[in-house]
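Number of protein chains: 4
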Amino acid sequence: MATDRSVLLEFSIAPTGKGESLSSYISRIVDIVDRSGLDYRLTSMGTILEGSWDECMAIVTRCFRELERDCGRISLNLKVDYRAGASGRLEGKIESVEQRLGHPVKR
Amino acid sequence: MATDRSVLLEFSIAPTGKGESLSSYISRIVDIVDRSGLDYRLTSMGTILEGSWDECMAIVTRCFRELERDCGRISLNLKVDYRAGASGRLEGKIESVEQRLGHPVKR
Amino acid sequence: MATDRSVLLEFSIAPTGKGESLSSYISRIVDIVDRSGLDYRLTSMGTILEGSWDECMAIVTRCFRELERDCGRISLNLKVDYRAGASGRLEGKIESVEQRLGHPVKR
Amino acid sequence: MATDRSVLLEFSIAPTGKGESLSSYISRIVDIVDRSGLDYRLTSMGTILEGSWDECMAIVTRCFRELERDCGRISLNLKVDYRAGASGRLEGKIESVEQRLGHPVKR
Numbered sequence: 001m002a003t004d005r006s007v008l009l010e011f012s013i014a015p016t017g018k019g020e021s022l023s024s025y026i027s028r029i030v031d032i033v034d035r036s037g038l039d040y041r042l043t044s045m046g047t048i049l050e051g052s053w054d055e056c057m058a059i060v061t062r063c064f065r066e067l068e069r070d071c072g073r074i075s076l077n078l079k080v081d082y083r084a085g086a087s088g089r090l091e092g093k094i095e096s097v098e099q100r101l102g103h104p105v106k107r
Numbered sequence: 108m109a110t111d112r113s114v115l116l117e118f119s120i121a122p123t124g125k126g127e128s129l130s131s132y133i134s135r136i137v138d139i140v141d142r143s144g145l146d147y148r149l150t151s152m153g154t155i156l157e158g159s160w161d162e163c164m165a166i167v168t169r170c171f172r173e174l175e176r177d178c179g180r181i182s183l184n185l186k187v188d189y190r191a192g193a194s195g196r197l198e199g200k201i202e203s204v205e206q207r208l209g210h211p212v213k214r
Numbered sequence: 215m216a217t218d219r220s221v222l223l224e225f226s227i228a229p230t231g232k233g234e235s236l237s238s239y240i241s242r243i244v245d246i247v248d249r250s251g252l253d254y255r256l257t258s259m260g261t262i263l264e265g266s267w268d269e270c271m272a273i274v275t276r277c278f279r280e281l282e283r284d285c286g287r288i289s290l291n292l293k294v295d296y297r298a299g300a301s302g303r304l305e306g307k308i309e310s311v312e313q314r315l316g317h318p319v320k321r
Numbered sequence: 322m323a324t325d326r327s328v329l330l331e332f333s334i335a336p337t338g339k340g341e342s343l344s345s346y347i348s349r350i351v352d353i354v355d356r357s358g359l360d361y362r363l364t365s366m367g368t369i370l371e372g373s374w375d376e377c378m379a380i381v382t383r384c385f386r387e388l389e390r391d392c393g394r395i396s397l398n399l400k401v402d403y404r405a406g407a408s409g410r411l412e413g414k415i416e417s418v419e420q421r422l423g424h425p426v427k428r
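Going down the list, the protein sequences come from chains X, L, S and W. Just so we're aligned: 41 in my numbering is position 41 of the first sequence, and the numbers increase by one with no gaps anywhere. Just so we're aligned: 140 in my numbering is position 33 of the second sequence, and the numbers increase by one with no gaps anywhere. Just so we're aligned: 226 in my numbering is position 12 of the third sequence, and the numbers increase by one with no gaps anywhere. Just so we're aligned: 394 in my numbering is position 73 of the fourth sequence, and the numbers increase by one with no gaps anywhere.
Check the hints yourself; a few may be wrong.
Stated by the list, open to error - One-sided and incomplete, this derived list gives chain X residues near chain S with beta-carbon spacing under 7 Å:
| hint | residue |
| --- | --- |
| 1 | G17 |
| 2 | E20 |
| 3 | S24 |
| 4 | R69 |
| 5 | G72 |
| 6 | A84 |
As the list claims (entries may be wrong) - Here are a few chain X residues that sit away from chain L, every Cβ distance over 10 Å (derived from the structure):
| hint | residue |
| --- | --- |
| 7 | D4 |
| 8 | E10 |
| 9 | G46 |
Derived from the structure by calculation, the hints contain no laboratory data. No residue lacks a Cβ here, since even glycine has one placed at the ideal position from N, Cα and C.
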């Protein structure tokens, strides 16, 4: 039961040199994330995972291995916000801002 | 009418050394974005703007100036995805992935 | 004379969909930076500028406008470390680590 | 002997809420990198590793575990440039730009 959800990890990964349209590659990534069982959010700029360090990093590695199969050059950007003992931050951080502002924001 | 919305810009900005809880600072940033009139989305890892290069960068500068007033050290991360002639990508990029996968994703 | 060098700004900018080799585009960027008069360092992963917020951001905008001329899609990553009143940090931050470790590091 | 050096990985990692001066934490990170045996460069904005995906990611994980011991909140930024079959890019990418420009740049 003691699931560790102390890590929020946002990443975007894409091939370089495969044309301007990347949605076929991104769909392969999102499919891996969606099947992983970890909680996540897809945004217009990346994917945000919530879990333990090892869980989140394992998914990023799976996504890299997937693109490595047919992409000669790959670019990855990744950002982690770790907070010991935290959980539910995919929504909690946004709600905290809404409470301070006293009104909903666009999400 | 020919509004330029070719830029998606995601950014996160926060003071260093002001304690572990940052939501009071983030709220000041989101307030600036929310009043700006630009379309945006708040995520658990940052804020995504859609507009022209100059519009998006002007907002980032306003946010930096806001924190500069009382923060001795500031960290900013920023990512731009520019696509000539594009618009509506805050939702469009996610919908494009959903269409390829044939089912909705978590957003 | 009181030059403001409180901002360290690292950025990388490149077209998407122009092939795997990007050095011709990167050279156009570095040329702009090199002629700007701002102090900078080129690394294998980006360019680091030292100056005021406005100076650094003006160069990033010039680089974006340069690529916008012939690139339909552009990706930019940017990171700022602002410290009020600081200067000489392109070398100073590295030297500070070396002093703590008691030996030189690879740079 | 067939060392895989296809990954350039730049990262910066630091605690949030431990004051404005971070060099004591950064020194612990650089010490791990320096003893790892992987080739690297320290810049004013982060550390760049060259190696295989697994080697580079293992070092990042070691650095995270090191800070996790006494830091309640940690921020990590990471960027990967993978190129199949490549090596020597810590210097090679800079030299390639210098050749195109026809003169040395600041590094």
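Evaluated hints:
The interface hint given for G17(X) holds, since its Cβ lies 4 Å from the closest Cβ of chain S, which is under the 7 Å cut-off. With a least beta-carbon distance of about 4 Å to chain S, the hint placing E20(X) at the interface is held under the 7 Å criterion. The closest approach between the C-beta of S24(X) and any C-beta of chain S is roughly 13 Å, which is over the 7 Å cut-off, so the hint fails. Interface hint status for R69(X): violated, as the beta-carbon distance to the closest one in chain S is roughly 16 Å, over 7 Å.
At about 6 Å, the closest approach between the beta carbon of G72(X) and any beta carbon in chain S falls short of 7 Å, and the interface hint on this residue holds. Of the supplied interface hints, the one on A84(X) is violated, with its beta-carbon coming no nearer than about 24 Å to a beta-carbon of chain S, more than 7 Å. A cut-off of 10 Å between C-beta atoms confirms that D4(X) is not in contact with chain L; the least separation is 17 Å. Its beta-carbon lying about 4 Å from the closest one in chain L, E10(X) breaks the requirement of being farther than 10 Å from that chain.
With a minimum CB-CB distance of about 8 Å to chain L, G46(X) fails to clear the 10 Å threshold, and the non-interface call is violated.
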